[in-house]
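The listed protein sequences derive, respectively, from chains A and B. Anchor point for the first sequence: position 102 equals 102 in this note's numbering, and the numbering is continuous, going up by one each time. Anchor point for the second sequence: position 98 equals 98 in this note's numbering, and the numbering is continuous, going up by one each time.
Simulated from the structure, these hints should not be mistaken for lab results. Any given hint could turn out to be false.
Simulated crosslink set (DSBU-like; lysine-lysine; CA at most 35 Å straight-line) [stated by the list, open to error]:
hint, chain 1, residue 1, chain 2, residue 2
1, A, Lys24, B, Lys58
2, B, Lys101, B, Lys49
3, B, Lys77, A, Lys68
4, B, Lys58, B, Lys77
5, B, Lys101, B, Lys58
6, B, Lys49, B, Lys77
7, B, Lys22, A, Lys24
8, B, Lys22, B, Lys58
9, B, Lys58, B, Lys69
10, B, Lys58, A, Lys78
11, B, Lys69, B, Lys22
12, A, Lys78, B, Lys101
13, B, Lys77, A, Lys78
14, A, Lys68, A, Lys24
15, B, Lys22, B, Lys77
16, B, Lys77, B, Lys101
17, A, Lys24, B, Lys77
18, B, Lys101, A, Lys68
19, B, Lys101, B, Lys69
20, B, Lys49, A, Lys24
Just some of the chain A residues that point at chain B, by a computed CB distance under 8 Å [to be verified]:
hint, residue
21, Leu45
22, Thr97
23, Ala99
24, Phe100
25, Gln103
Predicted, not measured: the structure shown is a model, and the values here were computed from it. Backbone N, C-alpha and C define an ideal beta-carbon position, used for all residues, glycine too.
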Amino acid sequence: DAGVIQSPRHEVTEMGQEVTLRCKPISGHNSLFWYRQTMMRGLELLIYFNNNVPIDDSGMPEDRFSAKMPNASFSTLKIQPSEPRDSAVYFCASSNTEAFFGQGTRLTVV
Amino acid sequence: AQSVAQPEDQVNVAEGNPLTVKCTYSVSGNPYLFWYVQYPNRGLQFLLKYITGDNLVKGSYGFEAEFNKSQTSFHLKKPSALVSDSALYFCAVRRPESSYKLIFGSGTRLLVRP
Numbered sequence: 001d002a003g004v005i006q007s008p009r010h011e012v013t014e015m016g017q018e019v020t021l022r023c024k025p026i027s028g029h030n031s032l033f034w035y036r037q038t039m040m041r042g043l044e045l046l047i048y049f050n051n052n053v054p055i056d057d058s059g060m061p062e063d064r065f066s067a068k069m070p071n072a073s074f075s076t077l078k079i080q081p082s083e084p085r086d087s088a089v090y091f092c093a094s095s096n097t098e099a100f101f102g103q104g105t106r107l108t109v110v
Numbered sequence: 001a002q003s004v005a006q007p008e009d010q011v012n013v014a015e016g017n018p019l020t021v022k023c024t025y026s027v028s029g030n031p032y033l034f035w036y037v038q039y040p041n042r043g044l045q046f047l048l049k050y051i052t053g054d055n056l057v058k059g060s061y062g063f064e065a066e067f068n069k070s071q072t073s074f075h076l077k078k079p080s081a082l083v084s085d086s087a088l089y090f091c092a093v094r095r096p097e098s099s100y101k102l103i104f105g106s107g108t109r110l111l112v113r114p
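Next comes chain B alone, as it looks inside the complex (with noise of 0.2 Å):
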């Protein structure tokens, strides 16, 4: 069975630092990796994809994403964090080869303080 495993309820940095929001993922075959974002009282919003190709994916608002075959991980990053990026994040996954579904971790909490 896919899953995806978000480890950390909440994240925490100051604005200006780097930032990490780990994802780690079990599914066999080649997966699709996605990254959401979801504001408060809004829809998820689609930040970043890996399908194929260079393993390091970059996406909406100065997100990127590196994507580790042998530790099965798809990290969020960014190099400086902004308070507006304070948010809900959500790792995904999809087995192409089988069919659509759409699994989410469960979320990850990121606090930027000013």
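This is chain A alone, in the form it adopts within the complex (with noise of 0.2 Å):
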């Protein structure tokens, strides 16, 4: 198994455009969760799926933040609009006990 895909793995994009940051967890995992790592507050816990669903939202900052998981292999994290304060690293991972991560995507929010 290639481990978790991410992509892409660097944006830059202006202040207001909409952002989708995509996942392609291992197979086989039934939970799949979406950090944010910054260097003031860490690693963040945004969003967790179980067999597709989403748990817990409660991490998400705002309604800006969206996420889905259409299906067991896939997953998209959305900002709309976005805002300089998103920059960040975000990763994601999927679990069936112990996680196991993303590369992650760095955004840019200029």
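Build the complex from these two chains, which are given one at a time in their own frames, with help from the hints.
Next up, the structure:
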């Protein structure tokens, strides 16, 4: 298995634009997590899914953020409209027991 | 509420010396405990886990961790540090009975000097 695959690896966008981050989890894993990492706030859990169903989205910063998991092999995290304070590295992880992380998407909003 | 504390922002150790990175947790029930390592510009990599059984668990790259239920700790250890061990280390906890939520500590930067 290729592991958790995230795309794009880097994204630079202008404030106000829509940003979509993508994640392909490891086949057979039943949980999927979206995390955000910044120097100031560390690693924050944004949302997690179990069997494609959102279980806890209490970490999603505000309504500008949304996440979907239409099937077991794909998830998206969307920010609309984006703001400079959204600049961070966004990680997707999947698990059954231990979590396996993707390489992350480094988002820069200018 | 479950939480994880890593009391040290940074740990400095000389190569060849033993290292310890501390982690304490607060969670009811029987937690699953994990250690992850993050190298620059990379995702987190799984090192080891405690689920049940022997309190001393061994993981990747010569690392081990000791689960201490009375002290609610899960410290990461290595008998002889390498310069290449320099990275950011995260402790994490999960309470399997009620959810799959994985909570991470704030991270500890390990610096191994030659």
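### Message
Check the structure against each numbered hint from earlier and tell me which ones fail, lowest number first.
### Response
Hints 3, 10 and 13 contradicted; others consistent.
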